[in-house]
Structures are given as C-alpha cells and as structure tokens.
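Q: Spelled out, the chains give:
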Amino acid sequence: MTIGQLAIIVGAALIAMCLSIWIIFKPKLGKHNDQSKLLLSEQAKNNVESIFNDEFREELKNRGRLHFEKIIGENAMFLQQDLRLTTSQVNDYMKDEIKRVLKDEFSKYEESINDAKNLALDTIQKTQATIDQQRMILEKQMNEQAAIEKQRIISRFEQNMTDIINHYILEAIGNEIDISAQADFIFQYLEANKQAIIEDINSGS
Amino acid sequence: MDLKLDDIKLPISLNSRHDVNMVCQELRGIIDVAEQNNLRQTSSATLPEISGLLKELATENNVNLASTDESQKLLKLIELVRDKAVQIHVSFAAEPPVDIMKKLIVWFRSEINPKTIINVGLQPSIAAGVVVRTPNKLFDFSLRQHLISNQDKLKAALGK
Numbered sequence: 001m002t003i004g005q006l007a008i009i010v011g012a013a014l015i016a017m018c019l020s021i022w023i024i025f026k027p028k029l030g031k032h033n034d035q036s037k038l039l040l041s042e043q044a045k046n047n048v049e050s051i052f053n054d055e056f057r058e059e060l061k062n063r064g065r066l067h068f069e070k071i072i073g074e075n076a077m078f079l080q081q082d083l084r085l086t087t088s089q090v091n092d093y094m095k096d097e098i099k100r101v102l103k104d105e106f107s108k109y110e111e112s113i114n115d116a117k118n119l120a121l122d123t124i125q126k127t128q129a130t131i132d133q134q135r136m137i138l139e140k141q142m143n144e145q146a147a148i149e150k151q152r153i154i155s156r157f158e159q160n161m162t163d164i165i166n167h168y169i170l171e172a173i174g175n176e177i178d179i180s181a182q183a184d185f186i187f188q189y190l191e192a193n194k195q196a197i198i199e200d201i202n203s204g205s
Numbered sequence: 206m207d208l209k210l211d212d213i214k215l216p217i218s219l220n221s222r223h224d225v226n227m228v229c230q231e232l233r234g235i236i237d238v239a240e241q242n243n244l245r246q247t248s249s250a251t252l253p254e255i256s257g258l259l260k261e262l263a264t265e266n267n268v269n270l271a272s273t274d275e276s277q278k279l280l281k282l283i284e285l286v287r288d289k290a291v292q293i294h295v296s297f298a299a300e301p302p303v304d305i306m307k308k309l310i311v312w313f314r315s316e317i318n319p320k321t322i323i324n325v326g327l328q329p330s331i332a333a334g335v336v337v338r339t340p341n342k343l344f345d346f347s348l349r350q351h352l353i354s355n356q357d358k359l360k361a362a363l364g365k
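Chains A and B are the protein sequences, given in the same order.
Each step along the first sequence adds one to the number in this note's numbering, with nothing skipped, and position 167 is 167.
Start counting at 1 in the second sequence, then tack on 205, and there's your number in this note's numbering.
Honestly, the hints are just simulated from the structure, not real lab data.
We put the beta carbon where it would ideally sit given N, CA and C, even for glycine.
Incorrect hints may appear among the rest.
Straight-line Cα separation of at most 25 Å, BS3-like style, residue types lysine-lysine; simulated pairs [as the list claims (entries may be wrong)]: (1) K360/B <-> K150/A; (2) K209/B <-> K260/B; (3) K194/A <-> K260/B.
Derived list of chain B stretches under chain A, where covered just means 3 residues or more per stretch with a C-beta under 8 Å from a C-beta of chain A [to be verified]: (4) 266-276; (5) 294-305; (6) 323-337; (7) 343-357.
Interface residues of chain A toward chain B, partial, derived using beta-carbon atoms under 7 Å [said to hold, decoys possible]: (8) L14; (9) I15; (10) M17; (11) I164; (12) N166; (13) I177; (14) S180; (15) A183; (16) I186; (17) N193; (18) K194; (19) Q195.
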C-alpha cells in the first residue's frame, strides 16, 4: 500500500467525520426555521383579510385566467400540432398503404393479365396449329378428290366421247345417205354373213 | 292331196308377209264369188278385180283363177307360204326403193332360201345399212354398229 493511498483513506475518514458532525447539528437549525414559519402563519391569520382583499383576488383571478388561457392555448397549439402531425403521418401512412396495396393489386392484375395473355396465346397457337393441320388434311383430301373426279370425268368423257360422236354423225347424216348407194355395202355384208344366216334358218326351221 | 312349200313359185314382187296376206285375202274373195256362182248356177256375181300381184303369182304357177279348184290349191299353197316360209326381217333407215327390195329378195331367194319372205321395218337411228333379223339371230350391218365396233379406233384417233 502506498503513501498516496493512505492519504486518501485518511482524507475520506475526515470527510465522513465532518458530515457526521453536520448531521448532528442540523435538526437544531430546522427547529429554528419552524419557529419563524409559525410566526408568519400567525401573522397571516391575523392579517388575512388585509392581504386577500378584492383587488388582490381580482388580480389573482386575472392571473389565473391568463395562465389558464395560456396553458389552454399552449395545449391547443400542441394538440393542433399533434393533430397536424398525426394527420400528416396518417396521410403518409394511408398513401403508402394505398400505394402498396395498389401496387400489389396491380402486380397481381398484371400477372393475371400476363397469364391470361399467355394462355390465350397458347390457345391461339394451338388453334392455329390445329387449323393448319386440318387445312392441310382438307387440302390433301380436296386434291385427292379433285384428282379422282378429274380422272372420272376424263374416263367418262373418253367413254362417252365416241358415243357422242357416233350420235352426232348419225344425227348429222340421218337420212341423207341414199339407200341405193348403200346397196354394195349391204350385199357385201350379207355375202360375208351368208353362211351364218343359212345356219340360223336351218336350225330355226 | 298333200301340198308342199316347194310346189309354189314365188314371184319377186311377192316378197313380204303383207303381200302374202293380201293375196290370201284376194284369193278367198275370188273363191267365195266362184262358189256363190256355182251354188246359184249363174254367173250373176262378178269376180273382183284381180291385182297385178295375184296375176303374177297365178302366171308364175300356171294357175287359172277362174277355176275354183286351182284357186283353192293356190290359196292353200300361199297359206303354206304364210305359215312355213322363211321370214326375214330387214330394217332400213328409210323406206327402201323398189329396185333395192327386188335385189334383196332375189339375193335371199337365190342364196339363202327360195321361199323367203322379207318383212321391211324402219329404224332411222341406224343411219345407213341394214339390220337383218333371222328367226334366232340379229345381224346388224348398220352404220351405227360399224361406228360402235370401231370406237377404239376413234378413241385412238382422238387421243392423238
């Protein structure tokens, strides 16, 4: 332990002793003050009527009114400030909330719109693909049918063409050919088929 | 007396069933009149006018039409022709001229059968040529048939 530390301890002990002495003698001073207060209250009781006269009361009222008005005004001002602040905060809060809600809703709405758009696009693409497929099938069928029909018409035309020409020739020449001029033609055929005619007649008879 | 188809000679002018029927009818009329006169023992009923066809037939067969017996014999023969003779149906595009018909009957009677009867028909659709129908067959010698049978050639020609 050093000398400095000892000196501090001794000094602290002295201070504690001095405080003890001051505390021991202090009640005696308080008693003295109580006595003076008692004297003053007695004087106040005796002179109360003279101190609190009408003017003094009126002045106290005025002072009290002014003080009250001042306090009321200050409180009103504080209240107004608080209200303005609160209103401003509420407005800001509401704005932020509305913005946030609207933003959320708009984002959801946009997302829904995008989903619907994508769905519609997919559907349209599928429909378009189906239509293209059907169109190709139909085109193929139509081409096949057209080819078949074309072939049928051509074959039918080829089949009937000779009939048409024959009919036209027969109608055109009609009775124009003199039978006398056909005699050679007729007898030539008869000669060529003579045997068949004879055989048929013999078998028939 | 048993009559045969070979006992009659058919003139060229007698070539169709219609002619045969007319001759039959005419002969019946003559025979009826002759029988009436025989029954009355008079010749009050005059014989009907005899057609050129019947005259030709009678001449061809040496038949006296004044004789009822000969007329009846000719009638039986001609009825035999009607029932038994070979009948050929020939169709033309138009009414054939007489000379063609004569040539035709001559050809049939000389080449096919001497007792041939030809019935003529009209088929304007054949345009030219003839269609011959025998008892069982049809011989189409028409231009129509000729064109039909040569359709392939026509198709080939049109195809080119």
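Q: How does the coverage statement for the segment 266-276 of chain B fare against chain A, requiring three or more residues with Cβ below 8 Å from a Cβ of that chain?
A: violated (count 0)
Q: Next item in the hint list is N193/A. Is there a CB on chain B closer than 7 Å to its CB?
A: Holds: closest Cβ of chain B sits about 5 Å from N193/A, inside 7 Å.
Q: Was the hint right that K194/A lines chain B, CB cutoff 7 Å?
A: Because about 6 Å separates K194/A from the closest Cβ in chain B, which is inside the 7 Å limit, the hint holds.
Q: Quickly compare the C-alpha distance for K194/A and K260/B to 25 Å and report which way the hint goes.
A: Given that 25 Å is the threshold and the Cα spacing comes to 32 Å, the pair is violated.
Q: Hint I164/A vs chain B: min CB-CB distance below 7 Å?
A: violated, 11 Å
Q: Taking 7 Å as the limit, does the beta-carbon of M17/A come near enough to a beta-carbon in chain B?
A: violated, 154 Å
Q: When the nearest CB of chain B is found for Q195/A, is that gap smaller than 7 Å?
A: With a minimum Cβ separation of about 10 Å from chain B (threshold 7 Å), the hint on Q195/A is violated.
Q: How about L14/A: closest beta carbon in chain B under 7 Å, or not?
A: At about 153 Å, which exceeds the 7 Å cut-off, the nearest Cβ of chain B leaves the hint on L14/A violated.
Q: Taking 8 Å as the Cβ threshold, is the statement that the segment 294-305 of chain B is covered by chain A upheld or broken by the three-residue rule?
A: Three-residue rule met by the segment 294-305 of chain B, so holds; n is 7.
Q: For the hint on I15/A, does the least C-beta distance to chain B fall short of 7 Å?
A: Hint on I15/A: violated, closest Cβ of chain B at ~148 Å, above 7 Å.
Q: For the restraint on A183/A, tell me whether the closest CB of chain B is nearer than 7 Å.
A: holds, 6 Å
Q: Count the residues of the segment 343-357 of chain B whose Cβ falls closer than 8 Å to any Cβ of chain A, and tell me whether that reaches three.
A: Since three or more residues must qualify, the claim that chain A covers the segment 343-357 of chain B holds, with 7 doing so at under 8 Å.
Of the numbered hints stated above, those contradicted by the structure are hints 3, 4, 8, 9, 10, 11 and 19, listed in ascending order.
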